[in-house]
Amino acid sequence: MSDVLSLIVAKYNYWLYVILMMIGLYGMIAKNNLVKKIVGMNIFQTAIILFYVSVGYKRDATIPILANAHDAHGATAIHAADYINPLTSCLMLTAIVVSVATFGYAMALAVRIYQRYQTLEEDELRMRLSEE
Amino acid sequence: MHWPIDIIVLTFVIFCAIAALSVKDLLGTAILFGAYSFLMCLLWTIMGAVDVAFTEASVGAGVSTVFFVAAIFRTRRRTKD
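Which chain is which? The protein sequence lines are A and B, in order.
So for the first sequence, the working numbering puts the first residue at 1; every next one is plus one.
So for the second sequence, the working numbering puts the first residue at 1001; every next one is plus one.
These are calculated hints, taken from the structure and not from any lab test.
Heads up, a few of these hints could be off.
Pairs of lysine to aspartate or glutamate, EDC-like flavour, derived with a Cα cap of 16 Å [claimed, not checked]:
hint	chain 1	residue 1	chain 2	residue 2
1	A	Lys37	A	Glu122
2	B	Lys1080	A	Asp123
3	A	Lys37	B	Asp1081
4	B	Lys1080	B	Asp1006
5	B	Lys1080	A	Glu131
6	B	Lys1080	B	Asp1025
7	A	Lys37	B	Asp1025
8	A	Lys37	A	Glu132
9	B	Lys1024	A	Asp82
10	A	Lys11	B	Asp1006
11	B	Lys1080	A	Asp82
12	B	Lys1080	A	Glu121
13	A	Lys37	A	Asp123
14	A	Lys58	B	Asp1006
15	A	Lys58	A	Asp82
Could you put together the complete structure from these sequences and hints?
Encoded structure:
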């Protein structure tokens, strides 16, 4: 029992990311407004990006810039354990830009839907679509 | 007692996410979503991913909020949920 509890406490950040992801999923499924759905999608994306960046994090490590790269002989040994893994954060840099592009495109689609149907609520939208 | 700073910022992030989804005014959603993005940027600085942090601060918090407010100006502020 105490093993399970200590496992839960030690990985508390992962549980909080799961909570954040579920908030985003709730926003996408249960909210009626299209803009709220888009915000839920963005929260979901940032939760996944947060998880990936936290995988690359190390305790007692510094940011991935070499400390002694320009000394006289260049002979200083580099310990990988002293630097945070930059691979995940570089991948997630692309994901942030893609998420902003998705957000802008979804907002443009929402504006077009409003111009045509004068509503952003999903139930009213469904009623107007069935009237046509 | 020693409190790790990341859990405090993560709690604020979760509060901002819930508030952004539950507020009845879409302009309030836009502002809370900007606050959410800036807190996320703080979290990435704590984790040492500084390149991700300043991309999020400029692109996520800046450009997203501008898109959001521009879209709300062309549509309606009120929402039912």
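Hint-by-hint comparison with the structure:
1. With a CA separation close to 10 Å, the supplied pair lysine 37 of chain A and glutamate 122 of chain A stays within the 16 Å bound.
2. The suggested pairing of lysine 1080 of chain B with aspartate 123 of chain A holds, with an alpha-carbon distance near 11 Å, which does not exceed 16 Å.
3. Straight-line distance between C-alpha atoms of lysine 37 of chain A and aspartate 1081 of chain B comes to about 11 Å, which keeps the hinted pair within the 16 Å bound.
4. Between the alpha carbons of lysine 1080 of chain B and aspartate 1006 of chain B the distance comes to roughly 34 Å, so the proposed pair goes past 16 Å and is violated.
5. At roughly 22 Å between alpha-carbon atoms, lysine 1080 of chain B and glutamate 131 of chain A are farther apart than 16 Å, so this suggested pair is violated.
6. Taking the CA atoms of lysine 1080 of chain B and aspartate 1025 of chain B, the gap is near 9 Å; set against the 16 Å cutoff, the hint holds.
7. Straight-line distance between C-alpha atoms of lysine 37 of chain A and aspartate 1025 of chain B comes to about 14 Å, which keeps the hinted pair within the 16 Å bound.
8. Under the criterion of a C-alpha separation no larger than 16 Å, the hint pairing lysine 37 of chain A with glutamate 132 of chain A is inconsistent with the structure, at around 25 Å.
9. Between the alpha carbons of lysine 1024 of chain B and aspartate 82 of chain A the distance comes to roughly 47 Å, so the proposed pair goes past 16 Å and is violated.
10. A distance of roughly 13 Å separates the Cα atoms of lysine 11 of chain A and aspartate 1006 of chain B; the hinted pair therefore holds under the 16 Å criterion.
11. Restraint check for lysine 1080 of chain B and aspartate 82 of chain A: not satisfied, since their Cα atoms lie roughly 51 Å apart, outside the 16 Å limit.
12. Note on lysine 1080 of chain B and glutamate 121 of chain A: the hinted pairing holds, with a Cα-Cα distance of about 8 Å set against a maximum of 16 Å.
13. Proximity of lysine 37 of chain A to aspartate 123 of chain A is assessed by CA-CA distance (about 13 Å); at most 16 Å being required, the pair is judged to hold.
14. With a C-alpha separation of about 14 Å, the suggested pair lysine 58 of chain A and aspartate 1006 of chain B falls inside the 16 Å cut-off, and the hint holds.
15. Distance hint between lysine 58 of chain A and aspartate 82 of chain A is fulfilled; the C-alpha atoms sit about 8 Å from each other, no more than 16 Å.
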